[in-house]
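Chains as they are written, first to last, in our numbering: chain A, 9 to 122; chain B, 218 to 332.
These aren't lab readings, by the way, just hints derived from the structure by calculation.
It cannot be assumed that every hint is accurate.
Said to hold, decoys possible - Simulated crosslink set (PhoX-like; lysine-lysine; CA at most 25 Å straight-line): (1) K294(B) - K104(A); (2) K65(A) - K324(B); (3) K269(B) - K324(B); (4) K104(A) - K30(A); (5) K104(A) - K269(B).
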Amino acid sequence: AAGVIQSPRHLIKEKRETATLKCYPIPRHDTVYWYQQGPGQDPQFLISFYEKMQSDKGSIPDRFSAQQFSDYHSELNMSSLELGDSALYFCASSLKIAGGYEQYFGPGTRLTVT
Amino acid sequence: GNSVTQMEGPVTLSEEAFLTINCTYTATGYPSLFWYVQYPGEGLQLLLKATKADDKGSNKGFEATYRKETTSFHLEKGSVQVSDSAVYFCALRPYSGGGADGLTFGKGTHLIIQP
Numbered sequence: 009a010a011g012v013i014q015s016p017r018h019l020i021k022e023k024r025e026t027a028t029l030k031c032y033p034i035p036r037h038d039t040v041y042w043y044q045q046g047p048g049q050d051p052q053f054l055i056s057f058y059e060k061m062q063s064d065k066g067s068i069p070d071r072f073s074a075q076q077f078s079d080y081h082s083e084l085n086m087s088s089l090e091l092g093d094s095a096l097y098f099c100a101s102s103l104k105i106a107g108g109y110e111q112y113f114g115p116g117t118r119l120t121v122t
Numbered sequence: 218g219n220s221v222t223q224m225e226g227p228v229t230l231s232e233e234a235f236l237t238i239n240c241t242y243t244a245t246g247y248p249s250l251f252w253y254v255q256y257p258g259e260g261l262q263l264l265l266k267a268t269k270a271d272d273k274g275s276n277k278g279f280e281a282t283y284r285k286e287t288t289s290f291h292l293e294k295g296s297v298q299v300s301d302s303a304v305y306f307c308a309l310r311p312y313s314g315g316g317a318d319g320l321t322f323g324k325g326t327h328l329i330i331q332p
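So here's chain B without its partners, still in its complex pose (with noise of 0.2 Å):
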């Protein structure tokens, strides 16, 4: 079936730290891949995408690429600020054609930013 792993938090970094979250998935064929975050309280915000392999997906200031090669979509940033913290979810759609299929998330990662 289709999973996805991403590292475990909480991650705490320094304002304007370098920030790399890993995801990593297994699925047949070609997924869609997505990042969402979710502030407390809040329901899941889309944050970038990529349907296709190389792509690269980027908003915000973050940044992803779709590695079929290694069957990942790091999320990454270059200097995080303290409104970056929340939990992140790598999240991936299965290629059936249909449109209609059920996302797969990641377990989440709490990212915390330290002024």
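Chain A with its partners taken away, still in its complex shape (with noise of 0.2 Å):
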């Protein structure tokens, strides 16, 4: 069965660059959502989308931002890199008609920042 697929999977990038993750919703899923897994953390919600519009906010920083464009792909754009930005980036997403209890993660983005 088809994944969430994300790029890149690993991206270096240096203090202060900005940096852009894709992701890539399971076909006809309707919902992403974006999470941040510091290491040997839990991960923790950035934000999530419902039809190209924000649904729900958690604790994204003001220098990230994201959107849902119309074939349901997302891209969570993060500018001023700080090191404290290295983390592990999902992605998931969930059909709301289904209840959107089910969210399917994907690989994720390993984001180094030096």
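Take the two lone chains and join them into the complex the hints point to.
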């Protein structure tokens, strides 16, 4: 079965640079979520989108922004990168009409800021 | 606010031992509850879920029952295998009817199964 696709899988940036992470949800899924997982930490919810509209917001820094496009893929834009932004970034998707209870996670993008 | 508390690891067991990983939660209303598993270097895989009180989620020999009276969702397996070694996360989704709410995770329990 098709899964959530994230690109790139690995990304190395320097402080103060900008990064863009992409997420392609499972086909027919209409909702995407972004999470950040620091080393040895639990995933922290950042933001979610349904039908291109922001739906829920968690602990997303003001330096980060995200959007969902008409084909349901999503991008997380991160500016003025800091060392503390080094983490695994997961995207998840769900189907709202099914209650949205089950979120399916992608393999993650490992961002390293040097 | 919402929170999930699960037992800290690592938890080390011998193969074929009985497993319990405790999870309790704090939330208003009736959240949905989940267990996710994360193998080294991989993403999170949904293991099982329960969406209302007294529901029992089960998958691959694992099971957990949604206990509202004790606000718990403990994970159990009767006989663990080496391949079960991973990090297990308990998570909740608040009840809002909207369907796009972010999950709140516990800190994770690292399970190590020795042959």
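Okay, the hints, checked on the actual structure:
1. K294(B) - K104(A): violated, 31 Å
2. K65(A) - K324(B): holds, 20 Å
3. K269(B) - K324(B): holds, 23 Å
4. K104(A) - K30(A): Measuring from Cα to Cα gives roughly 21 Å; hence the hint holds.
5. K104(A) - K269(B): holds, 18 Å
Checked against the numbered hints listed earlier, the structure breaks hint 1 alone; every other hint is satisfied.
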